[in-house]
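Q: Protein chains in written order, with our numbering: chain A, 5 to 213; chain B, 789 to 1793.
Take the hints with a grain of salt, since some may be wrong.
What the hints assert, rightly or not - Stretch by stretch, here's where chain B covers chain A in the computed footprint (C-beta under 8 Å, at least three residues):
1. 17-26
2. 120-134
3. 169-178
Because the hints were derived from the structure by calculation, they are not lab data. Don't be surprised by glycine CBs; every beta carbon is placed ideally from N, CA and C.
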Amino acid sequence: MEIPSIAIIEDDDKIRHYLTEQIHLAINVAELRTFKTAETALKELTATPCTIALFDIQLPGMNGIECIKRLKMVHPKMQMMVLTVHDNNDHIFDALKAGAVSYLLKTTPSEKIIEAIQEVNNGGSPISSQIARKVIEAFSIKQKTNDSFQELSKREQEILELLSKGFRYKEIAAKIFISIETVRTHIRNIYEKLQVNSRIEALKKTGFL
Amino acid sequence: MKLIITLSFFAFAFYGNAQQPIIPRFDILGVNEGLSQSSVYAIYQDKIGYMWFGTADGLNRYDGKEVKVYKPVIKNPQNGFSNFIRGNICEDNKRNLWYINETGIFCYNRLKDSVEVIQYLKDNSFLEEKLVFIDSLQTLWSFNINKGVSAYNIISGQTHLYPFPFKVNYNLIRGDIAYRTMNAIVFALYFNDGYYIFDTDTKQYKHFTEDKSIPNIFSFKDEFALVINDSMVVKTTKNVTVKKIPLPASVAKDERKFIYNILPDNYGRIWISIPSNGLFYYSEKEKKYYQYKHDNSKLQSLSIDLVRTLFIDRNDNLWIGTDGGGVCKLDLKPAKFNLFPLNEGDYHFLNNYFTKCFYEDDKGKVYVGTLNGLNVFNPQDYSVKNYTYNASDKYSVPGNYVSAIFKDSKNRIWVAGSLGVALFSEATGKFNRIKLPEKLEKLLLTTNYFIYRLIETTDGSIVAATMYGIVFFNADKQQNIMYADTGYLNMGPITDIKEISPNEFWFTSPTNGLYHFQKKQNKYIYKEQFFPNIDLRCIAPDEEDKQVIWIGSGVGLIRFDTRTKQYILYDNKDGLNNSYIYGVLEDKQHNLWLSTNGGIFMFNKQTHQFIHYDADYGLQSNEFNTGAYYKSNSGNFYFGGIKGFNWFKPEHIARTTLQPVAAISEISINEVVHNNDTLLFHQKKLTLSYDENDLVFKVASLDFTKPDANRFQYQLQDWDDNFIITDNNVIRYSKLPPGNYVFVLKTSNSDDVWSNEEKIYITITPPFWQTWWFYMLMIIVIIVVAIVSIRTFVKKKLKEQQRELEKQKALVEERQRISREMHDDIGSGLTQIALMSDAAIRKNKSTELNDIAQTSRKLISSMSEIVWSLQTENKPLEQLFAYIREQLFKLLEYTDIDYQIQFPDNTNHIILKNKQSRNILLITKELVNNAVKHSKAKHISISCNIKNQQLYFEVKDDGIGFTEFASFEGNGLKNIKSRIDDIKGILTINSTKGYGTTFNYTIPL
């Protein structure tokens, strides 16, 4: 697998080293940068973006989610993943709203990490049933309040439903007779819409909308 | 105006008769009746109508039923006063009464209803001062023997003395001095000194001495009178002579001139009193005096001969204040009924006045049959000529018991007595006996009253109703001498006989009832009989309907129709208080007059109303006699009784039109006498609070003619439904609820004349808790309280709920925080261990390091589970299924095992408790994990069904199975079992060696 550039933003040295090592072993990456704080990452990546970035949420100073949000505004095509110690759905959901497309447990075995990165590179977006439920909620509450609100298509709703029940991509694809690729694309689109909606909400709060 | 009407009635009555004498019945009001003292020196009727008597010991007020005594309260023993009331009682324009004596000026205050000393008069001891009159400027003029005339002005309270123009010589002062007229005070202090006139306008004394020996001076209406030369001379205050009245000749000459009072009435009489000679009146028309003295032998005579003052009230009653005999009252109004005798002792030759029958001749003389023979009475002069039986005189009256007198069409006067029947000649005074057959003579002698009635039939024969039956008298051929024929003498006593229509005769019997006889050719034929056992006393043919007769009986008045034989009985129930009727007479207005054992009744044939006149109206007594009823040709009605007789002309019965006055003399609230206040007195309004709701009204009918016959008609409007008529003068209302009422009172007097209405407006204010605004307030308060309490309650509940929630939330948060922190710390630590082991593995492959890595990873995943299950209290089942699915996927992902997960849809509404979710998750994971590890299965299926509130889980594999449960014990089966027990589930295991294992566990919801 070839990935042009990857960035790792993690304040724990050991984990950072470990991840760097694992990635280097499995992926042919041209450039691998590591950052200890969100501020430095923001500065550097704003100047020079990368293909895929892995963010730890708990960072000293600015947290990872905030960083994701800001970077997404500057470089929308940058794919950002979030590293979590445990799957705290709120954090994950916030990260997704901010602009992340995937999340990883830090404790995932290295193969899984690589797999996830690859998945992201391929355009996929891993999602758990609880996250799916939160997404459904997000889309249902805000429907009434906003003209610019992005609504989900029927297919997207369907997929989101199945996701919320815990089905895997494979199972969903089998169930509704589409390819796994299509499932992945749909999920990406759902995330995009979610991000747009959350941005709109943020802008509303600041008075720009 | 009313006076004129009354007088004209009276004048009418005069026509043909002399002035009716007064029935001398004096009513006495003395100490026994409540008077404070029996020497009464002043009498006054106030503007409302109450009678006031000034005695030697205080002021008395009389309302017809009760006497109330007023004496001032002693405030300071240093300021003494006497209650001896002298002079006159006067009324000012505020309706207060004033009197003066030498110790002070006294005022009866109308509002306070009490007498007060307004001014104490000192250095007057033993010398008289008296109030003479009050003038229009509200000045009290009083006369003091010692000093002169004083003027006390009520408004200013100032006194001005006008002293005598001479020095008083106490040795020469007489006992009594007289006084007053309208604007002057006339007095004579000494004998042989003439008299003085003090003019209150000019404030000058004038002395008149033309006749020096003036024995007495007394006021006469607006003038004054002196006795000069044996007659009373009435003069004005300007000393002009008005008239002369002679003095009563019956009084000794030297006593005659000491007249105390002189008072004219409305009927042409002048009343005077002379000490120790009693009361007189002089009739100006007849020019003679009538005297009234105290006489123990006379009924209701004057109480004592010493008369001090005279007063005539508005209802023409004469009030006589005596010295030691209280107050006497004499009705001056024309009597309804003439009375004979006026006084029992008037005729010494008559030892009784038991009257049996009457006849009035055309000269107006009245023949009265008594137990004393025949009396011929002259109503003009009240003289009586008496004819008694004399055994030696065969021309004397036939017996002393004269029971029937009758004049026939031949002008013969029949007299039936106890010893025979005779014809009386007025000219000779002789009674010519009629020869009776022997049988009749014998019967006659057996009884005292043989003949009850004599009538003349239409064909000229005389029929007698007797003790034994009917007797006829026929003329002989010469039409001269009468002789008796026997008739029916076995019928029993016949009390009356009338020829209703020619030849139709009706008799009444006290034992055998009513007989109807017909006369045919001189024979009387018995026809029929009615009311066999009733005591019948008289018959009166109805003057409007000839076929109807009225019968007086012992049980009431019977109206009998002789054609239809129908009868109607009127008795007690119809208002006839005494139903024993002796005589019935019909008057020109077609009213019936009845004499009974209880007085006289008038019966109105139209209205069927009875009017009752008892002995108080001047009847001889209440008891009348059989046969003693008679209507003369001149229209006089005579009724005789046991003590005399009465006669009257019904159309001239005097009925007064003078109204009584209705007064409310006292109001008590809650048993306490309510003091008059200006609001009550002037506007007749009473405002009370809600607890002043027990009211007692003491009422009075101010007509003193016959106070016992006064009645009250009252109604408390908005409480009493109707007017109530009573003779009780105390009216009580208890427990009146709040509201507005009007108490309306009317009174009637003995002539049934009703007064005007007297009203009092009463308002009982509700207690504030009964007023409408209080109710409104209460309702509002209740509503507000309700609202507030509900809101508080709700708030409290909400707060509690909130607090609970917060507590729960706090708990949950705490738990989450703990778990998170734990997980973070431990998790990161474990992560590091895992990573470090991986790094170490790369350097040195080692199974131990693998285990370390794996174990630490497992630990992290367990912690994730714990965190997951601690997230919220209760999760929907759907979320649990989703999570289980994901977890199982992780387990089965990299195995070669083919798996199926089947969970029901639409389970979002089923909520599981935290414990349940966690346990189900762990059980399922454990079982699948076991299957993966130990069963060597190729195929695992996990499913769940919901039925009857139960979750039916199944974990099935096609592995090796097991037979000994023991081999599973160590593999966590114990844990599984305990977990299942914890959530009250049931676990069943089916395992066949070589064919797989199925775990079924059922969890209740």
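Q: Each hint should be assessed against the structure and marked as holding or not.
A: Results for each hint:
1. 17-26: holds (count 4)
2. 120-134: holds (count 3)
3. 169-178: Answer holds; 4 residues pass the 8 Å Cβ test.
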